[in-house]
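A.B. asks: Single-letter residue listing:
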Amino acid sequence: MRVVVVGCGKIGKTIVGSLLKEKHDVLCIDSNPSVITEMSNAYDVMTVCGNGISYEVLKEARVEKAELFISVTGSDEFNMLSCLAAKKMGAKQTVARIRNSEYNNESLGFMKESVGLSMAINPEKLTAEAIYNLLKLPSAIKVDTFTSRRFEIVELIVKNDSPISGLSLIELRKKTSVKFLIAVIQRGEEVFIPKGSDVVNVGDKICLVSASEDTHKVLTSLGFVGKESKDAIILGGSQTAVYLAEMLEKGHTSVKIIENNKARCEVLCETLPSGVDVIYGDGMSQDILMEEGVTTTDALIALTGSDQENILISFYAMSQKVPKVISKVNRNELSAISEKLGLDCIVSPKEIIADILVRYARAISATVGSKVETLYSLMDGKAEALEFVVMPDFKYTDIPLKTLKFKQGVLLAGIIRGSTPILPGGDDAITLGDKVIVIAKGQSFSNLTQIIEG
Amino acid sequence: MNLKMIFSTVGKVVLIEAVLLVLPLITALVYTEWLVALSFGITIAVALAVFGLSKLFFSPETPIIFSKEGLVIVALAWLIMSVIGTLPFVISGDIPNFIDALFETVSGFTTTGASILTNVEGLSHGCLFWRSFTHWIGGMGVLVFVMAVSSKNNDRSIHILRAEMPGPTVDKLVPRARDTAKILYLIYIVLTVVLTVMLLFGGMPFFDSLIHAFGTAGTGGFGIKNNSLASYNDYCQWVIAIFMLIFGINFNLFYLVIVGKVTSAIKSEELWLYLIIVILSAGVITVNLMVTINETFGTALRLSVFQVASIISTTGFSTTDFNLWPTLSKAVLFVLMFIGGCAGSTAGGFKMSRVLLLGKNIHREFKRVLHPRNTSVVKVDGKRVDEKTISGLMSYLAVYVVCLFVIFLLISFEPFDVETNLTAAVTCFNNVGPGLSAVGPASNFAGYSIFSKIVLTLAMLLGRLEIYPILLTLLPTTWVKK
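Protein chains in written order, with this note's numbering: chain A, 7 to 460; chain B, 20 to 501.
Extracted from the complex, chain B is given alone in its bound form:
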C-alpha cells in the first residue's frame, strides 16, 4: 500500500481545512468574540503543524494508488478532519466535552445535522458559523475540493473521487477528474450564493441567511434557533424547501442543463422517481394533516412540502414539531429517511438511484420466476447496467441493513423506547438529523450516553462515506502486507 501517498493526501486535506478555518476566525473577529477567535487561531496552528509533519515525513515516491488507497485516504481524511474540526468547540468552551464536540462536528461534516446542544442560541457566532460551514464543506466532499484546487493531475484520482462521491457509480462530467471537481464546486458555489441572496430578499438577516444557505446546500440541517426554521416567514420556508429539493438532485444533471442538453437531463429516470416520491409523500401528508388535525390547505401544504423536502434530501430542518403529527405522516417521513436524495448530490441516505436499480432488478427477478428461461438486462436511461454494479448493489444493501441493525442494537442500552432508538440509528446512519419521539425535531441527542454518542458518530461517518471506506480502513486485512 502506498502509505506515503495516503498520508501526504491526508496532509493536504488538513491544510485545506486550516485555510477554511480562517472564515469562522474572521466571523469571530467581526463579532468581537476574542476568546473564540483565539480558539480558531490555535486550531489553525495545529492543522498547519499536522500538515507540516505530513510534508516532512511523507513525500510520495510515486503517485500511483489503487482503489484500496482511495478508500483509506478518504476514511482517514474524514477522521482527522473531524478531530481537528472539534478543537474550536472544546477550546472556546462552547461545547466543553470532547465527545460531545466530536459528535457535533461529525454531524456537521457528514451533513447530518443531529445535535447534542440543548440551547443552540447560546453558542458564539464564530462557532455557529463553523458548525454550519462544516455542512457546506462535507456536502460536496473535502477531497473533491482538494482535487479541484490541486495543481497536479493524477491519473488515479478517480479512486478517491469514487470513494468520496455517493452513489453506486461515479460519472465524470469532463475528461479530467480535476476539471470535473471544479465544475461540481462551481455549480455548488453558485447555487449557494443564489440561495443566500434569495433569503436576504425575504428579510432574513445576513448571518442567518448565510448559515441556512450552508445548511441547505450541504443538506445538513444545523440552524441557529432552537426551533429550527419555524420562526422565519413563509417565503423563506418555501425558498429553503425548494432549494433542499434542488440540492437533492444529481449535480450531473445541472451540468447537462448548462451545456444545453436539457432533454437528456429531463429524461433522467432517477430525477423522475425522486419527483414522484416527493409529490406523493407531500400529497399524502397534506391530506392527512387536513383531515386529522384540521390544518388549512395552505398551511398543510407548506408544512408537508417543507418536511418532505427536508427529510428526503436528508437535511433535517423543521418548521414544526412533526413528532406531534399523526402516525401515517410520521411513517411516511420515516420511510423517506431511508431513501434519501439522488446519487451525485449532497444528500445522504440509501440514494434514489439504488432504489431505482433495486426496483428494476426485483422486476427482473419476478419475470425470471414466472418464465425461468427469460433473459433480460437492467437498463437505466436506456443504457444497460453492468451486472457487477447490480451484484455490488445487492451486497451494499446487505451491508447497509446489517450496519443499521448493529448500530440500533449498540445504542439499545439506553433507557429510551424502541421508536427513539430506532429512529436515532436511522437518522444518524442516513445523515438526516432529527428522528422521532425523544430525538424528534424539538429534542436532541444530549440524553445519550458517551458510548452511544461514539457509536452514533461512527454511524454518521459510515453513512456519509457509504460504509466501505470506514469499514475497510478499520479491518486489519487492509493494512497487513500480503
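Next comes chain A alone, as it looks inside the complex:
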C-alpha cells in the first residue's frame, strides 16, 4: 500500500519505520533538506523535499495514488490544509495530527468533516489515556483494551517478592477461580508463547489476558498489588498533563501538577478543574518534591519536556518508594537503557501514535476476508495482539479448537461473542460474527484464515 507521510520529526520518523516493517511503500515529504537526507539514509523510502501543502510537491509525491496520507508536522493548521489538498487530489484516506486543545473539542467533528479527514490524532491525549490506564492498574507496565472493552491485555513484570514466581501456568490457574491467560512471556531478550507446563521466573515480563471486569480480581489473587492510585503528582504542565489531570480528576484521584513556569501555571489554573492543585516550582528540586509529599503519594508521573529529566526524577521517586512511577521518554535508546536500569513504566508518545497508524493502515489494506480491527504491539513490538471479526469466508467456524491446528507462535487468546468475553478452551469453537483476539509472535497476519496451518 502506498502511504505518504508529511513531516519527518520524532513522530513522523517512528511512523515511517513502523509502516516500512509492515511492507508498505512509504513516501516522505519534509521541507528541511537535512531531515530528508537523513530519512533517505536510514529508511528505504522515497523522499520529496518541499512544502507539504504545495500542489507541485504533492503532485511530485504522487498523492493521487496514495491510499493513506498522514500529516504530522508541528502545526495543526498545516496538517489540516495539507490533508485537505491531498484529499482533493485523490488520496483515499487522510490522517492529521491535531493537538491544539482548542480544536480538540466539539469543533473537531466539524473540522474532520469539512476537511474530509478520516482520522485526527492527538498524541498528547492518547499519551494521557495510556498513562491513565496504567494508573488504574498500578502494577501493570502497559494496559491495552480491545475495541469493545471486553478484554484487557496487561503487561507485568514478576518482581522478587512475587508469590507467583516459580509456579507453572497450570499451578497458577488453580490459584484463582477467575479465568485468565498468560499469553506471552519475555525472558531476557527471548519472547515466547508459554505452554501449561512452563514456569514463571523472577524478572520475566508477562502478558496477561483477561475479561475487563475480572482484571482487577486476577491481579489481586496473583499477588500483584491491586491498590488503585488515590493521588498522583505530575511533573511538568504540558498538554498531556492537562488531559491526564482532567481524566484523573473525573476518576476521583487527587492530582498535583508541578510546573516551573509561572505563566504556564496560571494557564493551567484557568483550564483545569479546581480540584487539581497547581504548584509553581522546579520539579527537579528534591526539596519541593519532599514538600509536596513525594514520600506519601501513590504515583508520580514525569511529563517534562526533557527525557533525561524524566528519567532522573523517576529514579529518585523510585528510591523514595513511590509505588507507581511513570515517565515519558521519547528517545528509543534512552527508554531501552532506563528499562535495563530498572525503570519499568515508560510511555513513548511516538510509539503510541505509530501503533495506532499501523493498525489503521492494516485495516485499510486488508480488503479481503476478516480484517484486523485492532492491533497492539506487545513486549516492545516483539509480539502482537490482533483482533479480527469472523467473516463468512473463514472456513473453520464451529469446529472445536482442539481439532484445529494453529501455526507455530500463534495463540487464540479470546473470543467475544455478542457482549460476552470467552477465554477459549479446547471445546470452544469460533462462530460467525465473533470477534477473535489472536496473539502472534514474530509474524503478522492480515486475515484470520492465515493463522491456521494448512
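Read the hints as simulated data drawn from the structure, not as lab findings.
Positions of the beta carbon are idealized from the N, C-alpha and C atoms, including for glycine.
Errors might be hidden in some of the hints.
Subject to a maximum C-alpha distance of 25 angstroms in a straight line, what follows is the list of computed BS3-like cross-link-like pairs (lysine-lysine) [what the hints assert, rightly or not]: (1) B/K201 / A/K71; (2) B/K280 / A/K98; (3) A/K65 / B/K201; (4) A/K118 / A/K142.
The following residues of chain B were derived to be distant from chain A, with all beta-carbon distances above 12 angstroms [claimed, not checked]: (5) W53; (6) F117; (7) N173; (8) L192; (9) T199; (10) T211; (11) K244; (12) W291; (13) L299; (14) K349; (15) F353; (16) H390.
Please arrange chain B on chain A, whose structure you already have, making use of the hints.
C.D. replies: Showing chain B alone in chain A's frame:
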C-alpha cells in the same frame, strides 16, 4: 564495521554470477566446444563454493549498514566478481595468461571494451559470449541486480545503490530501492531485446546480434570481429549508433516517459546538454571529414555520428580507424572521452550531469567575482542543488584529475609516445575502450607490460565505480577500528 553483512552480500553477488555463468555454458554446449563448456562448469563450481563458504561463515546478525559498508561491499563484490569471471578464459586456454585474462574481464565488467587480444576472431563462442555478457552485467551493475532479485527489503540498501550507480546523486524512482532496481533492469532488458530484434532485421546473424546488443546496452564495446563493426551494413551501424546514444541517457527519464510524464522528461537539462554536445561534435567532425579527406556527406555523417555516439556513451565500437582522421576530429573525440554519458545510464566518464553542474557553478563564481555581494544558488531542472553536492563535485573533480595523472605517470614506463599513454589512461579510466595512436581502434593493449596492465585494470575499476569505493577500500583507515 558490519563485516558479516559485507561478506554475506558479496557472497550473494558470487551466487548471482554462478547463475549468470550458465548462459555462456549453454552457448559453449550449443557450439559443441566441450573444453570451454568444462571450464565454465569448473568456474560455476568455484563460484558456488565461494558462496557456500560465505554462507557458512558469515550470517549477519543485523542488516544495518552505513555508507562505509556500502562502499566496501561494492568494491569487494566487483573485485571478486572479476577474479571469478577471469577463470573461464584461463582454464579454457583462450587467454592463458592470468593478468591478460583479468584485464579482459575487468574491461568487460566495467564496460570499457579495451582488449589485449590481437585476434578476437580466434576466441571460442563460449568465451566470446561471456566476454560480451560481462558488459551487460556490469552496465547496470551487479549489486543492483542482486537487489532486484533478492527477497528481502533492507532499509539501508540505498548505501549500496548509491555506491554502485554512477552520478553525483541517486534518485529513486519508486519508494522501495528493490522496486527501483527492478524497474531499471526491466527497462534495460526491454531495450536490449528491442535492439537485438532490430539488428536481426538488418540481416546480422543471431549470435552477432546478441553480442553487439550486450556490448551496446552496457556501453561496453567488445565485438567479435577484428575490425569491430566496420564489416556490417549501414543499417546495422545506424541502429547501433542510435542505441548507443539511448543507453547513454539517464534511465530515470525512460521511467518518466513510461509513467506518462513526458514533459518533465523532455525538460531535463542534462538530456539537452547531452544532445547539444552530440550534435555539435558530430557536425564538426562531419564537416572536417568532408573538407580534409573528401568523404561524401552521407559517409561522413554516418562515420561521425557513429563515432561520436560510441565515444560519448563510452562504448568504444568503431566503424573505421579514426586514428587516421584529421587532428581536429581526433581532438573532439578525445574531449568526448572525458565527458561520458548521463548520470544514471550505463555509460562511464565524468558524467554529463557533473559537467552541467560544474558549468553552472563556474557561472556563479564569475558572478561572484564581478559582484562580490551577489548571492545565488545553483539550480538544475528548476530545483536547488544542495551546496554539499556542489562541494562534493569539486572534490570529486580534484580526485578524478589526480587519479588520471597518477595512472598516466605509472604507465609512462612504457616505450610508447605520450599520445598513446595519455589516451590509454584516459580511455581506461573513463571506460571508453579504444584510445589513439598505438592503442587506437585498429590496435589493442597487448603491447603493454604486466605492470601497466595491472595499473590499467585498476584504472577501469576506479572509473566504473567512480573512484571512492575502490580507493576507500584500499585505505587502511577504512578497516581500522576506531
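A.B. asks: For every hint, state whether the structure bears it out.
C.D. replies: Now for the hints, and whether the structure bears them out:
1. Proposed proximity of B/K201 and A/K71 is supported: the alpha carbons are some 20 angstroms apart, at most 25 angstroms.
2. Only pairs whose Cα atoms come within 25 angstroms are accepted, and B/K280 paired with A/K98 is accepted, the gap being roughly 22 angstroms.
3. A C-alpha spacing of about 23 angstroms is found between A/K65 and B/K201, which places the hinted pair at or below 25 angstroms, so the restraint holds.
4. Annotation: proposed proximity of A/K118 to A/K142 is violated, straight-line Cα distance about 31 angstroms (limit 25 angstroms).
5. The non-interface label for B/W53 is consistent with chain A: the shortest C-beta to C-beta separation is roughly 46 angstroms, beyond 12 angstroms.
6. At roughly 40 angstroms, the least C-beta separation between B/F117 and chain A is larger than 12 angstroms, which holds for a residue marked as non-interface.
7. Non-interface status of B/N173 relative to chain A is broken: a Cβ of that chain comes within 12 angstroms, the nearest being about 7 angstroms off.
8. Not every CB of chain A is more than 12 angstroms from the CB of B/L192 (nearest about 8 angstroms), against its label as outside the interface.
9. Not every CB of chain A lies more than 12 angstroms from the CB of B/T199, the least distance being 9 angstroms, so the non-interface label is violated.
10. Its beta-carbon lying about 27 angstroms from the closest one in chain A, B/T211 satisfies the requirement of being farther than 12 angstroms from that chain.
11. In this structure B/K244 is separated from chain A by more than 12 angstroms, as the shortest Cβ-Cβ distance comes to about 45 angstroms.
12. Every beta carbon of chain A lies more than 12 angstroms from that of B/W291, the smallest distance being close to 21 angstroms; the non-interface claim holds.
13. Listed as outside the interface, B/L299 is consistent with that label: its C-beta sits roughly 33 angstroms from the nearest C-beta of chain A, beyond the 12 angstroms cut-off.
14. The claim that B/K349 lies off the interface holds: its Cβ sits roughly 43 angstroms from the closest Cβ of chain A, which is beyond the 12 angstroms cut-off.
15. A cut-off of 12 angstroms between C-beta atoms confirms that B/F353 is not in contact with chain A; the least separation is 37 angstroms.
16. For B/H390, the shortest C-beta to C-beta distance to chain A comes to about 26 angstroms, beyond the 12 angstroms cut-off, and the non-interface label holds.
Hint check: violations occur at hints 4, 7, 8 and 9; the rest are consistent with the structure.
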